[in-house]
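Residue numbers (my numbering), protein chains in the order written: chain A, 1 to 291; chain B, 1001 to 1329.
Some hints here could point you the wrong way.
[What the hints assert, rightly or not] According to the in silico footprint, chain B covers these stretches of chain A (three or more CB under 8 Å from chain B):
| # | stretch |
| --- | --- |
| 1 | 147–159 |
| 2 | 258–271 |
[Said to hold, decoys possible] Below 16 Å or equal to it, Euclidean Cα-Cα: the simulated EDC-like pairs (lysine to aspartate or glutamate) are:
| # | chain 1 | residue 1 | chain 2 | residue 2 |
| --- | --- | --- | --- | --- |
| 3 | B | K1235 | A | D66 |
| 4 | A | K20 | A | D66 |
| 5 | B | K1223 | B | E1154 |
| 6 | B | K1227 | B | E1154 |
| 7 | A | K274 | B | E1154 |
| 8 | A | K65 | A | E129 |
[What the hints assert, rightly or not] Restraint ranges, calculated between C-beta atoms of paired labels, are given here:
| # | chain 1 | residue 1 | chain 2 | residue 2 | range |
| --- | --- | --- | --- | --- | --- |
| 9 | A | L168 | B | S1151 | 18 to 28 Å |
| 10 | B | I1119 | A | T170 | 27 to 37 Å |
| 11 | A | L121 | B | C1229 | 33 to 43 Å |
| 12 | A | G182 | B | P1220 | 45 to 55 Å |
| 13 | B | I1230 | A | L82 | 50 to 60 Å |
| 14 | B | M1058 | A | G276 | 19 to 29 Å |
| 15 | A | G276 | B | E1301 | 11 to 21 Å |
I should point out that these hints are in silico values taken from the structure, not numbers from a laboratory. Note that the Cβ used here is the ideal one computed from N, Cα and C, for glycine as well.
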Amino acid sequence: MCFQATVSDLQEAIHARTKKYYPSRQRLTLPMQAGTQGKPIVLSPNKKLVDYCDGNVKNLTVVFKDLGVQVLYSTLFFWEYLGPLVIFPIFYYFSVYKYLGYEGDRVVYPVQTYAMYCWCLHYFKRIMETFFVHRFSHATSPLSNVFRNCAYYWTFGAYIAYYVNHPLYTPVSDLQMKIGFGFGLICQVSNFYCHILLRNLRSPAGNGGYQIPHGFLFNIVTCANYTTEIYQWLGFNIATQTIAGYVFLVVAALIMTNWALAKHRRLKKLFDGKEGRPRYPRRWVILPPFI
Amino acid sequence: MRHLKHINLLGGSSASPKPHECKRTGHPSFPPELLLCKPSDLTSLLQFLLATPPLGTMAGFLSALRRIYLSLYNWTVFVGWFQVLYFAVKALREGGPTTVYDSVERPLQLAQTAAVMEILHGLVGLVRSPVSATLPQIGSRLFLTWGILWSYPETRTHVLVSSLVISWSITEIIRYSFFGMKEALGFAPSWLLWLRYSTFLILYPTGITSEVGLIYIALPYIKASEKYCIRMPNKWNFSFDYYYASILALAIYVPGMLSMKLVEMPWRSPKLKYDSEHMISQRDAIVACRGVLRHLFNSFELGNLDTNISSNKMYHVLSISWSRPLGFP
Chain A
1 MCFQATVSDL QEAIHARTKK YYPSRQRLTL PMQAGTQGKP IVLSPNKKLV
51 DYCDGNVKNL TVVFKDLGVQ VLYSTLFFWE YLGPLVIFPI FYYFSVYKYL
101 GYEGDRVVYP VQTYAMYCWC LHYFKRIMET FFVHRFSHAT SPLSNVFRNC
151 AYYWTFGAYI AYYVNHPLYT PVSDLQMKIG FGFGLICQVS NFYCHILLRN
201 LRSPAGNGGY QIPHGFLFNI VTCANYTTEI YQWLGFNIAT QTIAGYVFLV
251 VAALIMTNWA LAKHRRLKKL FDGKEGRPRY PRRWVILPPF I
Chain B
1001 MRHLKHINLL GGSSASPKPH ECKRTGHPSF PPELLLCKPS DLTSLLQFLL
1051 ATPPLGTMAG FLSALRRIYL SLYNWTVFVG WFQVLYFAVK ALREGGPTTV
1101 YDSVERPLQL AQTAAVMEIL HGLVGLVRSP VSATLPQIGS RLFLTWGILW
1151 SYPETRTHVL VSSLVISWSI TEIIRYSFFG MKEALGFAPS WLLWLRYSTF
1201 LILYPTGITS EVGLIYIALP YIKASEKYCI RMPNKWNFSF DYYYASILAL
1251 AIYVPGMLSM KLVEMPWRSP KLKYDSEHMI SQRDAIVACR GVLRHLFNSF
1301 ELGNLDTNIS SNKMYHVLSI SWSRPLGFP
C-alpha cells in the first residue's frame, strides 16, 4: 500500500469501480466496536490513509455509506434564495390581488416600495455571498434538502410578500419606518462584513478548518453573523409591521440559535486550552444579552 | 490496582427526570440518553439521583404523590369517556344518530379538553411522552370538538358524529384505563396492552374518516359565517380566514396523522418491553445509574470503569470494577 495515499484517492478508486457513487456521495467511517456508543470516526478526504491505520499498516477496514444524491451547497443556496427574490416583486408589481378577490386599484405607500428594495437587496446579497464570499466546509448537501429549504424560504417569502404588498396594507408612522429601515440597513452591512471576516478566517490547513473567530462583533459573540441577520429582520419588521414578518423572525431566530449553540459548543470543545491550543474565550453565543 | 465494588441497586422508581428524545430515533428515551446528550447538566443528574427511593424519603414522598395524582387524573378522564360511550349508545338506540351529539356534548367537551393537561404533564416532566407527539393529536381533537361541532350546530346531526364519538370513546377508555392501572397498580395486564394496539387498527381509520368527513361537511357553513376570521385592514397587517385554514388542515390531516401514528406502532420499537409514556422500569433505573457513574468517571477522569448489569428474580445488580489511575490517592 502506498504510504502517501489519501482518503480522497480511495474515494476516487471506489468511484472508478462503481459509476454511481461519486466521492461526495460516499461516507467512509472506521467500524464501530460492538457495544460501544457514540459517533463513528469519519474519514476526512484530506488525510492520509495511514493516519487511520492505528499501527496495523497492512490492513484497514472501512465502512461505506451512500449519502444519496448530492448537490453543491452553492446550488442549494442559489435556488432557495432565488424564490424570495422573485416572488416579492411579483406581489409588488403585478396585480395578483385581483385574482384573490380584491378588485380596484392599489395605493402604494413609500414603505412598501422601500420594503421591496430592502428585501430584494437582502436576497441578492445572499446570492452574491454564496458565489463570491462563502467558503464551505462540506462541499455538498443531499438533494432532499433542496426541496425542504426551498419550501421554507419560498413559502415564507410568499406569506410575507402577500401582507406587505396588500391593497389594504396599513403603514406605520414615518419615524418608525425610518428607524426600522435604518437599523436594518446597518445590520445588513454589518452582516456582510461578518461574512468577509469569516471568509478570511478559513484557511485550508489545520484544525479541520476551525479557528477562533475574532474581529468586529466576533470579539463579544460567537455567531455575530447570525446576530446581525436576526437584527436586520427585526429592523425590517419594525418598518413594515406584519405578523407574518414577525413569525418569520421568530422561526429564523430559533433555527439560527440552534446552529449557534452547536457551533459554540463545538468551538469550546475544540479549543479547550490543552496541548498548546488556545482556550476559547467567554462570549455570548448569539443574542446578547439573552444567550 | 483494582478495586471491586458491588452495588445492589433496587430500581423501580416511578418519578422521572425531564422527558427527552433520543436525537437519533426521536423516540422518548431512557434517562441515560439524557445524561449522555447533555454532559454538563448537573441539575438533571441531581434530579435523577433524587428520584431513586433509596436516596431520600422526600423523593419517595414526591414520587408517591405523582403516582396518586396521575392515577386520579387517568381514572377521572376514563369515567368521562365511559359516560360519553354510554350516552352515545343509549341515544343511538333511543333516538337515532341525529340525537347522539346532544346527549354526549358535556362529557365529551370535558373529557376532551381535560386532555390538555397531558401537554402540561409532558412539559413539566411528570410524564415521559414527548410534547411534539401529543400536541398535534390534542390539537386536532380540540379543533373538532370546539372548532367544528360546537361552533357549527348544523354539523351535529350528521351520522359521522356517531362514528366519531364511538371511535374516540372506545379508544380513550382503553388508553386511560391502561395508564390508570400502570400508575395505580404499577403494571397493566397484557390483555389490555393487546386490546390497545388491536382496537387501534380499526378505530383509528374510522376516527380519521369521521374527523375528515365532518370538517368537509362543515366547510360550507364555515365559509358562510365570519366566525374566527380576522380581516384587513388592521394595525398589524394580519388576516386569518377560517375557511382556508380548515382546507389547509384537511390537506395535511391524513398525511400528518399517518406519519405520526405510524411512528407509535409497536412494530417500530420491538425492544420496548413497557409503554414508553409512563414510569421508568427497574432496569431503566439501573441503566441510568450506570450512565451517571460513567459520566462522573469521564468528567472527573477517575480512571477506567467496567460495569455489568445482571438480574435475578428479585432485583437487578449493577457490578462495578474500577481501576485507579496511577497517582490517585
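Here's how the hints hold up against the structure:
{"no.": "1", "hint": "147–159", "in the structure": "violated (count 0)"}
{"no.": "2", "hint": "258–271", "in the structure": "violated (count 0)"}
{"no.": "3", "hint": "B:K1235 - A:D66", "in the structure": "52 Å, violated"}
{"no.": "4", "hint": "A:K20 - A:D66", "in the structure": "10 Å, holds"}
{"no.": "5", "hint": "B:K1223 - B:E1154", "in the structure": "13 Å, holds"}
{"no.": "6", "hint": "B:K1227 - B:E1154", "in the structure": "14 Å, holds"}
{"no.": "7", "hint": "A:K274 - B:E1154", "in the structure": "72 Å, violated"}
{"no.": "8", "hint": "A:K65 - A:E129", "in the structure": "32 Å, violated"}
{"no.": "9", "hint": "A:L168 - B:S1151: 18 to 28 Å", "in the structure": "26 Å, holds"}
{"no.": "10", "hint": "B:I1119 - A:T170: 27 to 37 Å", "in the structure": "35 Å, holds"}
{"no.": "11", "hint": "A:L121 - B:C1229: 33 to 43 Å", "in the structure": "35 Å, holds"}
{"no.": "12", "hint": "A:G182 - B:P1220: 45 to 55 Å", "in the structure": "49 Å, holds"}
{"no.": "13", "hint": "B:I1230 - A:L82: 50 to 60 Å", "in the structure": "32 Å, violated"}
{"no.": "14", "hint": "B:M1058 - A:G276: 19 to 29 Å", "in the structure": "48 Å, violated"}
{"no.": "15", "hint": "A:G276 - B:E1301: 11 to 21 Å", "in the structure": "20 Å, holds"}
Hint violations for this structure: numbers 1, 2, 3, 7, 8, 13 and 14, all remaining hints satisfied.
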